[in-house]
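For reference, the chains in residue letters:
Number of protein chains: 2
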Amino acid sequence: MFEQITIIGVGLLGGSLGKAIKEKKIARKVVGIVRRKQSIKEVLSYKACDEVTLNIASGVKDADLIIIATPVGKIVPMVESILPHLKPNTIITDVGSVKEAIVDLAQEKCQGKALFIGSHPIAGSEKRGVNASSADLFKNTVCIVTPTKKSDKTALEKVISFWKKVNASVEILTVKEHDKVMAAASHLPHLIAATLVNSVFKQKKKKIEKFVGGGFKDTTRIASSSSKIWLDIFQSNQKEVLASLEIFKREIEKTINSLKHHKWQRLNSLLKNAKTSRDKVK
Amino acid sequence: MFEQITIIGVGLLGGSLGKAIKEKKIARKVVGIVRRKQSIKEVLSYKACDEVTLNIASGVKDADLIIIATPVGKIVPMVESILPHLKPNTIITDVGSVKEAIVDLAQEKCQGKALFIGSHPIAGSEKRGVNASSADLFKNTVCIVTPTKKSDKTALEKVISFWKKVNASVEILTVKEHDKVMAAASHLPHLIAATLVNSVFKQKKKKIEKFVGGGFKDTTRIASSSSKIWLDIFQSNQKEVLASLEIFKREIEKTINSLKHHKWQRLNSLLKNAKTSRDKVK
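Going down the list, the sequences are from chains A and B.
Going by this note's numbering, the first residue of the first sequence is number -15, and it counts up by one from there.
Going by this note's numbering, the first residue of the second sequence is number -15, and it counts up by one from there.
Quick caveat, the hints were computed from the structure, so don't treat them as lab data.
No residue lacks a Cβ here, since even glycine has one placed at the ideal position from N, Cα and C.
There are no misleading hints in this set.
Here are a few chain A residues that face chain B, going by a calculated C-beta distance under 10 angstroms:
#, residue
1, His171
2, Ser183
3, Thr203
4, Ser210
5, Gln219
6, Lys244
7, Trp248
Going by beta-carbon spacing under 7 angstroms, a handful of chain A positions derived as facing chain B:
#, residue
8, Ser170
9, Ala177
10, Glu193
11, Phe232
Reference listing, derived: stretches of chain B covered by chain A, where coverage requires no fewer than 3 residues with Cβ under 8 angstroms from a Cβ of chain A:
#, region
12, 102 to 108
13, 156 to 170
14, 173 to 184
15, 198 to 209
16, 214 to 226
17, 247 to 258
Next comes chain A alone, as it looks inside the complex (with noise of 0.2 angstroms):
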């Protein structure tokens, strides 16, 4: 399907790609661009890659597919920094988690010198590099492709086919129904979980870990993920996220409400249909 894929950052989500590009045969050889030294010995150890390198330059030249796998602020400054060195009519695309402040911007940047494709892969873990890479991360997931007016058709339909051969269930979106959508499905419920974490840390500061069981545990368990990666997003998606958490705290009022005048039908609602929307999700 492609003489060479490069892959630009190589940890959880990348490796991942390499390997499945590898196992399924997608592309002839797979580079990845990594930023320290000793990671280049590490992603081959784990063969993630064929190839590994610090050099951008020569990492992307020969690539008929560039895969960007690099937090959310990085994206775009990595766009510009690899376009004076791509051959014509190269795809790029990337596994950012927001999609308007990229693709927009990223789309101007590539104007006449390459193609670039948003995605967003929903997929990943609390686990971080490549050492928990697996070429099955993508198996049963959704990946999220965002087309503007402007995007080559021939790109795009090579970057859906692409996310279909690592077994992803792609998904078209604008760029704005993309943020809407994760804004509440993904941003929110790191927020929340976070919050909850410091509300609970409060009230009882002596040992309240030693109280905790499965129902805090699962709840909070994102809280545990990197804080820069996470606020990068928060930044990204200000305003989706902002209109997200309006929303929440009006459903949090209302549950306080009926905790408060003791409306327990009420209640009892919430938690019915909470469940029942719940239930829907596998």
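Start from chain A and add chain B according to the hints.
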């Protein structure tokens, strides 16, 4: 340690207790009391008790220790209905997630007739029923025991030893401390998970379930629990749960505020604090 232990309500917790008692030989005989005829066969087939009966009087009359493993709202009524059938000095305990509303009343009813000690093993899962029971359910868990000034010392010691024998580690709290700690560590996360589901499904009604990832799934898993059981808990611990919710609301306002006004350093501190606290929990 005991001649006969009787377990009232043989679901996940009751069934696991029966199996653990048999495995550790804590009693010569374990009797289960169930409500539905078909449960008799089921409990026996899972080897969770030696004998099972629908008859409360005959099930409790020879017991040295009775463990009430029914939903929270049924514990005190159950204490009342078994009292006329007990031999002297029978010890009664429970597994309820709320303690003040249960222990004060149960102790009063038992005055001169039986010895009541409140317990709350922090164990369980979103699974239910004797088919999910396991002798190892209490391994590496904490059981809170909540004596009062009126508690019989020998009965208290026996209940503590009992929980240690099933491999729980025992913490002693007053009923008020228990209810405060559990409001924060367990009841609050439950309400937040349910409220989160409702607000996420409100924001994008059209098939949001397609776009949720591991973060949402973990964070909201407990929203699939039985609304009936939890309504019971919120009613019984209304005051403390409300206090926890108010603290949470103040924290969510801080989060909203820092996002709204681009106070990124402050938001970063909130995320970092949450990570530090959450990392304390295994």
